[in-house]
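Number of protein chains: 2
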Amino acid sequence: MLSKAKLKYIRSLEMKKNRKAEQAFVAEGPKVVGDLQGHFTCRLLIATAEWMNENPAFVADEKCMVTTEELTRASFLQHPQEVLAVFSYKEEGCNPLVAADELCIALDDVQDPGNLGTIIRLADWFGIRHIFCSQATADCYNPKVVQATMGALARVKIHYTDLVGLTALLAGNGIPVYGTFLDGEDIYDKQLSANGLIVMGNEGNGISQAVSKQVSQRLYIPNYPKGVETSESLNVATATAIICAEFRRKMRE
Amino acid sequence: MLSKAKLKYIRSLEMKKNRKAEQAFVAEGPKVVGDLQGHFTCRLLIATAEWMNENPAFVADEKCMVTTEELTRASFLQHPQEVLAVFSYKEEGCNPLVAADELCIALDDVQDPGNLGTIIRLADWFGIRHIFCSQATADCYNPKVVQATMGALARVKIHYTDLVGLTALLAGNGIPVYGTFLDGEDIYDKQLSANGLIVMGNEGNGISQAVSKQVSQRLYIPNYPKGVETSESLNVATATAIICAEFRRKMRE
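The listed protein sequences correspond, in order, to chains A and B.
Take 1 as the starting number for the first sequence in my numbering and just add one per residue.
Take 254 as the starting number for the second sequence in my numbering and just add one per residue.
Heads up, a few of these hints could be off.
Claimed, not checked - Going by beta-carbon spacing under 7 Å, a handful of chain A positions derived as facing chain B:
{"no.": "1", "residue": "L122"}
{"no.": "2", "residue": "Y224"}
{"no.": "3", "residue": "G227"}
{"no.": "4", "residue": "L234"}
Claimed, not checked - Heads up, simulated BS3-like pairs for lysine-lysine below, C-alpha to C-alpha not over 25 Å straight-line:
{"no.": "5", "chain 1": "A", "residue 1": "K226", "chain 2": "B", "residue 2": "K397"}
{"no.": "6", "chain 1": "A", "residue 1": "K31", "chain 2": "B", "residue 2": "K269"}
{"no.": "7", "chain 1": "B", "residue 1": "K479", "chain 2": "A", "residue 2": "K226"}
{"no.": "8", "chain 1": "B", "residue 1": "K479", "chain 2": "A", "residue 2": "K190"}
{"no.": "9", "chain 1": "A", "residue 1": "K144", "chain 2": "B", "residue 2": "K397"}
{"no.": "10", "chain 1": "A", "residue 1": "K144", "chain 2": "A", "residue 2": "K157"}
{"no.": "11", "chain 1": "A", "residue 1": "K226", "chain 2": "B", "residue 2": "K503"}
{"no.": "12", "chain 1": "A", "residue 1": "K190", "chain 2": "B", "residue 2": "K284"}
{"no.": "13", "chain 1": "A", "residue 1": "K250", "chain 2": "B", "residue 2": "K479"}
{"no.": "14", "chain 1": "A", "residue 1": "K250", "chain 2": "B", "residue 2": "K410"}
Derived from the structure by calculation, the hints contain no laboratory data.
Where a beta carbon is used, it is the ideal one built from N, C-alpha and C, also for glycine.
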């Protein structure tokens with residue numbers, strides 16, 4: 001049975017300030033919960049009898065068998081899925097100079113949780129292990145973000161930081177800082193490196209002016225055919241996908 | 254002033270059956286409404302005095318100046334934006350053999366409105382003029398889809414149809430039918446044509462079995478580096494973006 005206190009605790013984690021105070025977040029469904037297992041400590045697990053029976057070895061500080069009705073009350077999903085877990089997280093620091101050795105992403109105020117989750121998932125696909133986010137970027141532990149990552153949070157580390165300082169540090173150390181602009185250079189004509197930082201901007205406003213100044217490599221995804229009337233821009237997650245794919249394709253050449 | 258009848262009419266268009274009965278949909282904000290102008294007949298426009306004054310030439314069967322409070326009541330957005338329009342649409346037939354001459358997309362039960370809107374927007378970017386959707390795919394006139402297209406509905410035509418029949422027809426006529434599968438061929442190693450159909454599948458289940466049988470060209474987006482543990486798949490909109498970008502890149506070679 002799900003106690004009122006536990007229900008209240010889970011529901012409280014919808015809000016960022018509570019997640020931050022508790023250093024905890026909610027993940028749902030067999031796929032996402034299963035993927036995060038072992039990468040984060042599970043503080044509380046609630047699941048149907050069926051799921052519990054099928055997953056006896058799942059390690060959690062506390063487990064609670066619930067009915068579908070109880071799960072529905074606790075869930076943040078429109079269609080709750082058998083299991084919901086509260087995981088602990090730690091805010092680990094990361095030296096941004098890691099970008100000297102490998103490709104990283106920076107997000108400058110990406111605000112839509114779906115976009116952030118999708119970007120974390122594709123970073124995982126393309127072997128990008130670190131995403132640096134401006135403080136105004138959506139919270140990666142927001143339940144909507146966690147679900148959109150489809151478990152990629154197990155492998156991709158997210159760091160919230162001051163992007164102006166970070167990009168200035170990298171630029172000062174001669175590490176390439178890439179950004180996408182409507183007047184940038186065609187990504188297919190440009191040399192792309194195996195290291196450095198790819199900065200992606202806010203959904204409406206793109207990359208902020210202060211961060212733009214630190215971008216040494218201005219990129220552009222060409223539309224097709226050239227010169228015809230088209231959408232003004234691409235959605236930030238799809239643009240990130242095309243750019244990451246092209247970086248990785250060039251590494252095979 | 255916004256009458257109760259008009260408010261009720263606008264709000265009724267949240268539901269697909271009402272949109273279908275009325276052959277009408279809602280678009281919001283200066284950017285999206287502006288882009289759709291001229292491409293669809295505007296039946297009703299409601300806007301703030303400021304927007305009305307700045308856009309005196311906007312053609313609509315009926316215009317109604319409203320307060321911000323009235324706009325908020327009518328709007329489907331979390332942050333309503335100055336103007337909301339009801340546009341008429343026509344269900345136009347389209348001969349699927351258009352795919353003999355140009356690249357088209359088919360969506361096999363894509364269910365998330367954000368994904369559908371994002372795909373319409375990127376189709377526009379890559380000069381793809383026709384998207385064929387299975388009947389179970391999200392409705393392109395859903396307010397969430399319309400907003401996510403960012404105006405691309407002005408140029409990209411969406412056709413709801415039986416995809417099994419459509420893909421069989423194309424395959425029977427020797428027109429390439431592409432699909433993405435985890436056991437497909439690397440998109441970077443494969444020849445891609447300037448015509449044909451790219452089929453993208455449902456968020457959870459991929460391409461249905463019946464449609465899969467008609468796919469003559471099985472594609473795969475390689476992850477990086479090869480062979481490491483990663484996410485099982487990419488989000489459907491980001492996968493579509495990478496594939497369309499690669500088709501268009503190969504056309505430049």
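Outcome of the hint check:
1. L122: Holds - the Cβ of L122/A comes within 7 Å of chain B, reaching about 5 Å at its closest.
2. Y224: Cβ of Y224/A sits 4 Å from chain B, so the hint holds.
3. G227: 11 Å, violated
4. L234: 6 Å, holds
5. K226/A / K397/B: Violated, because 29 Å separates the two Cα atoms, which is more than 25 Å.
6. K31/A / K269/B: Distance of about 31 Å is beyond 25 Å: violated.
7. K479/B / K226/A: Violated, at about 33 Å.
8. K479/B / K190/A: 24 Å, holds
9. K144/A / K397/B: Distance ~17 Å between K144/A and K397/B Cα, so the pair holds.
10. K144/A / K157/A: 17 Å, holds
11. K226/A / K503/B: 14 Å, holds
12. K190/A / K284/B: 32 Å, violated
13. K250/A / K479/B: Holds, at about 14 Å.
14. K250/A / K410/B: It is violated: about 34 Å lies between the C-alpha atoms, which goes past 25 Å.
Hint compliance for this structure: hints 3, 5, 6, 7, 12 and 14 are not met, and every other hint is.
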